[in-house]
Every structure is written in structure tokens, then in C-alpha cells.
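Asks: Place chain P on chain B using the hints.
For reference, the chains in residue letters:
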Amino acid sequence: MTREKPGDGGITRRMLMAAAGALTGGLALPASAQIVAAKPDASVLSRGGKDRAFIADGVLRNVVREGVPGVQLKVRLTSYRSLQLSCIKGMQLKIDGEEFDPKQMILTLNDYSHRLDELAPLRNAWWFILDYGDLFAPRATPLAAGEHEVEGTLITVEPYMTAGRFAFYSSCKKRLAVEEAV
Amino acid sequence: MATKKTFHVGVTLHSFTSEYCSFIWSFEDMMQRAALLGGGVEIVGPAHQRGFPELSDEFERVFKSSLERNRLTPTSYGSYADPFVLPNRDLNDDELVAYTIPQLNGAAKLGFPVVRLQYFVYPVAERLLPYAEKYKLKMGYELHTPLEIEAPLTQKLIDQVRRIGPPHLGLIPDAGIFCRSIPAARIEAVRRSGVNEALLDHAIELWKAKTPLQQAREELKGMGADDRLFGSMEFFWGSFGHSDPKSIAQIMPYIIHTHGKFFSMVNGDEPDVRYEEFVRALIAGGYTGWMSSEYEGPDTDSFAIVKAHQTMVKRYIAKYA
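Chains as they are written, first to last, in our numbering: chain B, 47 to 228; chain P, 34 to 354.
One should not assume that every hint holds.
Just so you have them, the derived chain P footprint on chain B, three or more residues with Cβ under 8 Å [unchecked claim]:
#1 93-106
#2 121-131
#3 165-176
Straight line, CA to CA, 30 Å or less: simulated DSSO-like cross-link-like pairs of lysine-lysine [what the hints assert, rightly or not]:
#4 P:K347 to P:K97
#5 P:K340 to B:K96
#6 P:K347 to P:K279
#7 P:K340 to P:K279
#8 B:K120 to B:K219
#9 B:K135 to P:K254
#10 P:K189 to P:K279
#11 B:K96 to P:K97
#12 B:K140 to B:K220
Label pairs and their computed distance ranges (CB to CB) [as the list claims (entries may be wrong)]:
#13 P:S59 to B:R107: 22 to 30 Å
#14 P:R348 to B:V109: 54 to 62 Å
#15 B:K140 to P:M256: 27 to 35 Å
It is worth saying that the hints were derived from the structure and are not from the lab. For every residue, glycine included, the Cβ atom is placed at its ideal position computed from N, Cα and C.
Chain P on its own, in the form it takes in the complex:
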């Protein structure tokens, strides 16, 4: 019997975007589903919380009463940096700090132990740390494509976390950095939009060969690619990463939460993301936190597809724990 202590599987309400934005499920409906999907819940500040970045008394009560009713565990709060909110300039350091503090305060009031950070707050991390201490929070940079673990920028983030991090600053890897292929539905959507087929196929080959985006753009430009194809490439290169799940070992001491990003489920498996290796690496590293199932794919029954994802993750946990 496997007796090793392992990690928990929950869900981010982001997985339910389709039902939520179509008014099929209310906020409370989503919380009820989260209770049936592992019981750990993650929310996205500006999606679920009217009044963001401030926390309203109303949302605090709605959320906490729902936690009680549905016996849910708050896992991670999705904060935002939004540095490009103004068309004419980027937010400055003071503005980034001012925008983040109420999110930290609100997350703590809602009972979250962890806050997902976008890496744009890197320059002001040391100014946020005292607030994380005050509110007893762990903040973590999300390692989301293009922040593959091996990327130079990620290495800088890791250096900072190593230097000033624990226990209040860590990392949150997103499974989307461990892609083996681009999801077929995404390729089809681009194909249907009418881009040149041969150039699209070539762009996919360049992605598979791990060609840097800038180089791929130049090569395709020489072949006559247009802005529409470049837009699609931004999306491919910005969504589907090439990290090796073995790299998890390098950041293991700093992982405070994980995102189980997935794009589709086919015959009980995620065809485009290297989940077996990812789960195996987490288990090998002794990870005992949460993984939030995070579905980002075509509209479908989100409950069923998250359930299928969790069944897969648990199968790999059982195999390696």
C-alpha cells in the first residue's frame, strides 16, 4: 500500500468560465461544484469579485458563508498586476504596489493561505513582503508559459525567491509549461480563421522545434506571413511551453501551489501536456500542497471535464505515491 503523504486536487473557478459567463451557473453553483471536485477552491479576483481590487463586505460574506455551507478549503487567490492597464504607459512601481496591497488584504480576509502573483511585481516584491507577513500569506509567482522553468527570466525569479523568498514568497508552476504539442482544437480554430495553411503548418513545425518566437516570426515573414498568423503565433508561443517536468526538482523547495492547466481530455488523458511526468516529479519532490484543475479549452460541460482531469491526476498519484 502506498502510504506516502501526497498532494490534494481541487479546482479553480476559472475552469467554469463558460458556464459562469453564460449565466448557466451562479457563483454559488460553482462553489457547490467545487465541493464535489476535491473541496479545494481557487478564485480569480477580477472575474468573481465585484469591486476588485478592493474586497467588498458583500463578497466577503457571500464567499465565507459559501465556504461554510459547502465545507470548502480556500487554496489560492488569483491576484493581478495589470501593468498595461493604461494605453500610453506601463504602471510604475508605486502603482503596482498600491494595486496589489488591497488584493493581499482581501485574500487574507477571505481565508486564502496563498496568493498567486503575476511576475510583473518582481521589482516590488520586497515592498510586498511585509504585507504578506502581516496577513500571514504565501505569495507565489505563477510560472505560466512563456515562463518555462529553464527560461532566463524564470531563472531570475527563482534567484529572487531563493534570496528573499521563504516562507512568504514562492512559486506556482502551471502545467501549461509542460506541453508536448499544441492542442488540436486551437490549431483548428486558427485554420478556420482563414490563415495560409502552409504557413500555419510551418509555424507549428517551428514551435515543435522550440524555435524562439522572434526567430520564427522572421522566418515566416520572409515566407510572406501576415499579421493574422503572427497574432496566432503570439498565442501559441505564449500559451504552450516546452519545460521538462524533471526541472521541477530545481524549484521543489519553493513550490507553494500548482495549477493543473489542461486543454482537453481524450480517453482519460491530457494529450498535449506531460501530466504523468509532472505528477511523478511532484511526488518525488514530496509536494503536499494543492493542485487546482484549470480547464482552458473549448466550451463543454466543465464539471465533467474537470472530473476527468482529476481522475487522471489521481491515477498518476496512485501510481507514484
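Excised from the complex, chain B in its bound form:
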């Protein structure tokens, strides 16, 4: 953390940072403090819009990525603005109740791939708000054909709001089908 230093007019940098939302009154929040993001309303979908949830509409794909078999699906950023990749604090993925290890997951944006645990220092690489990403999770055997229940959570920091002390959790659950060969 930045060390406290006096600014002009008696205002300290820490005061400035801590004021990011009446936020915490300078107190550190427990790591488990969460803000659950609002869910998009069905009115958007009824007007022909695309779902903004973290797990995007689309298919599940059984793929082999650089020799590693796994499942791949489309994901979206749930903020209102583009975020630096360093603000992607984590992702959680479950398919039919089977939880995947985030450390093994790979996010691909605009043809650049990143392991999730390598995102923290990437403050100059961006996820543009309208772009879909591909999320890859290793899995020894292919998913069976047909529909599966997919649950996902995107954990983000809003880099002007959260003072690094709490995160937004945006969860969704939907049924997606495995892409069929034609």
C-alpha cells in the first residue's frame, strides 16, 4: 500500500484513496466483503439485446489447447466500462456442479491468452467492454453431448471505486449445450 504522506492543505493521500465511496471510513473491509452486481433485466433481451452476464450465450466446446484437453466457452465483462486485466481478480466456473481450478484456466481476448493467475500485474492490457473472451478450463474427458448447467462468477475490482479492499461478484447460471459436429 502507498505510505501515508501529507499533501497540501493537510489532506493525505490515504484520505483521498479511502474516501472512494464514503468507503469504509478508512477501515479495511474483510476480504469476504462483496458487492453483488445487479442482474440485467429481461427487458433488454425482449428488445433483441444480448445477455450481459459473465457466462455468455453460446455453446460449450470440447477442445484441445496446446495438447491439453478441456472445455471452452464465451465470457463477457460485466462492468459498464473496459477494465485493465489487473482488475480481473478472479473467475469461478462450475459445470454440472463440477468445480474447475481457476489457476488452470486461460482467458483469451483478441487472440492474446493469459493464465488467470498472471493477470494481476497487467495494468496496460485491457478488456474492452464490448468484447467477448474465450475461457478455457482443462478437463481430462470431453463433456457429453447435450445440455449442461454452467455456473460462473466474475470477480472484479473497479479501479476508482473499490480502493482495492473489496470486489464485485457477478454470478450467473445458465444451461448451455455442447457444440455438435455437422
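Replies: Coordinates of chain P only, in the frame set by chain B:
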């Protein structure tokens, strides 16, 4: 007849987030709607501009050609400080300056006369001023909740603006600091998430009583509140402010732009924000700049709700001008 010169009403594209992020409206679709909503347009750098914080040649051309086509006036550019972009430390002064300069440069190239600043750049304001001069820009700290006008931190910002501000540094009040209540839809969303009802009700009472967040947290903690409720409180205290619109008089000479934040419209009025008093204070102070309608509420037809907001604001303008 009212002949007093008054202020203009436009829109920030932030109001259209729902349609934009759902691919119902493209960037150009939003610009076309802005032309029908007062003709003054404000954008949010990292939402609308691929390549942010740099300005790409492509976006410059897309934006300027759209301004011409739709006869729009660029009003204010939403810049960002993003001091908490790294998980292990806050950005230092040099990094804040380096992140802001291309945004100022880009805003000027796009034709904006005003750049909205986040207050985190307060320690480096004097290093940004020469760029504002060079690019002929006015920079303004957004007074967004929790920066109520009466707040000690805001008073520090005002002191700095008074000392070094005009004409290149000013203030941009956001109407969300003038709340009389918490929007019902927000309370319902928290209620549905399954927090303890009695504790939520008590938290709302503490907000109404203008209890400082830290004190409210301690009181509720003693009653057994959990992290989920605390998360919601961060949001309430960080979004809905208690400023008195009369305080506008204190900052009037420094106001370079305003945000018409609103959360809902019911029977032609914003039930949770003290708009009549806000508009009246702006008129009394002789404000002649822009107010950008800024909708932040549940997904709905954003065009219709912004139209309703502007009808309300114009009604109050007509009443007091």
C-alpha cells in the same frame, strides 16, 4: 416571459449503458439519440473509446464525423484516474499524471471543452494545469457521492479550486449528492439478495439519519450484520448523498458542467433526488453551461426515461428562469 439566459440540457452516453452493452444500440445509434435529447453529448472514455487512455485515429474520426452528421455539441469528457488498478499498491503521482495526460490530449482532439476529473488527481492538479492550458480545456472535479458539498474532503477540493482553479480547474456537481431517499429499486434488489430484513431496514434508517458509514457499520455489526449487508451499505452510502441544494451557492463560480444523475422517473418526477431545488439553485446562481442527463437505474428504455428526465428539468427551468 422569462428572458433570463439559462442552462442547456444534454445527455451522457453512460445513460445508454444497457442498450450499448447489450448490442441493441451501436455507438452511432447512441449519437443519433443524443441529437434528439438536447444535442449536447458527453462520453465515458473507457466505455466508448477502444484503446483508452490513448485516442486512436479511428475513434477520432468516428466521433468527429458523427458530431458533424448529427450536429452534436461535445460537452464533457469523462476521464478516469483509476488509482486502484493494481492489487498490491495505489498508483503514485507520476503514474496518475502519465495516465491523465493522454486523456486530456484526446479530449481536446475530440473537441470537448470540459474534462471530468476524478478527485484522486487532487495531489497532481498543479502538474495537470499546464496541459489544460495548452489544450484549452477546463478540468473539473466531479462532486459525486460521497463528495457531498459539505464533506470535509470536498471543502479541501474547493479550497484548491479557489486557489489555483479558474479558468482551467473547476467543479462538476452530480445530482446524486442531493438525495432525499434511497431508490426503491435498489433497496428491493438488496432485499431479494437475501439479507436480513430487519437489519436492512435499520441500515436504511441510519442512512436517513445521515449516520456516518463507519458508525452505522459498528452499530449494525453489534446487531449481527454480515458482510453482505456491509457491501450493500458501501453502495448506499457511496451512491446517495445528503447535500443541501442550497450549498450550490457556495461553489457557483467554479461550476463548469453538471451531471443530471437520476435513478428513476415516477409521474414526471425523480422521487429520490431534490431536482426542483437543484435546478432552482443553478438558475439563481446564473449557471449557463450544460447538464448531462445521467441515468443509473434498472434496465429500461433509456431513451424514453432520459426524455422524461429532460422534460422535468426543463419544467423546473421554465418555472425559475
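Asks: Now tell me, hint by hint, if it's right for this structure.
Replies: Hint check results:
1. 93-106: holds (count 6)
2. 121-131: holds (count 5)
3. 165-176: Holds: 7 residues of the segment 165-176 of chain B have a Cβ under 8 Å from chain P.
4. P:K347 to P:K97: OK: P:K347 and P:K97 at ~28 Å, within 30 Å.
5. P:K340 to B:K96: holds (24 Å)
6. P:K347 to P:K279: Answer holds: P:K347 to P:K279 is near 19 Å, not above 30 Å.
7. P:K340 to P:K279: This hinted pair holds, its Cα atoms lying about 26 Å apart.
8. B:K120 to B:K219: Holds: B:K120 and B:K219 sit about 14 Å apart, inside 30 Å.
9. B:K135 to P:K254: holds (27 Å)
10. P:K189 to P:K279: holds (19 Å)
11. B:K96 to P:K97: Answer holds: B:K96 to P:K97 is near 28 Å, not above 30 Å.
12. B:K140 to B:K220: Satisfied, since the Cα-Cα distance of roughly 11 Å is no more than 30 Å.
13. P:S59 to B:R107: 22 to 30 Å: holds (28 Å)
14. P:R348 to B:V109: 54 to 62 Å: holds (58 Å)
15. B:K140 to P:M256: 27 to 35 Å: Holds, at about 34 Å.
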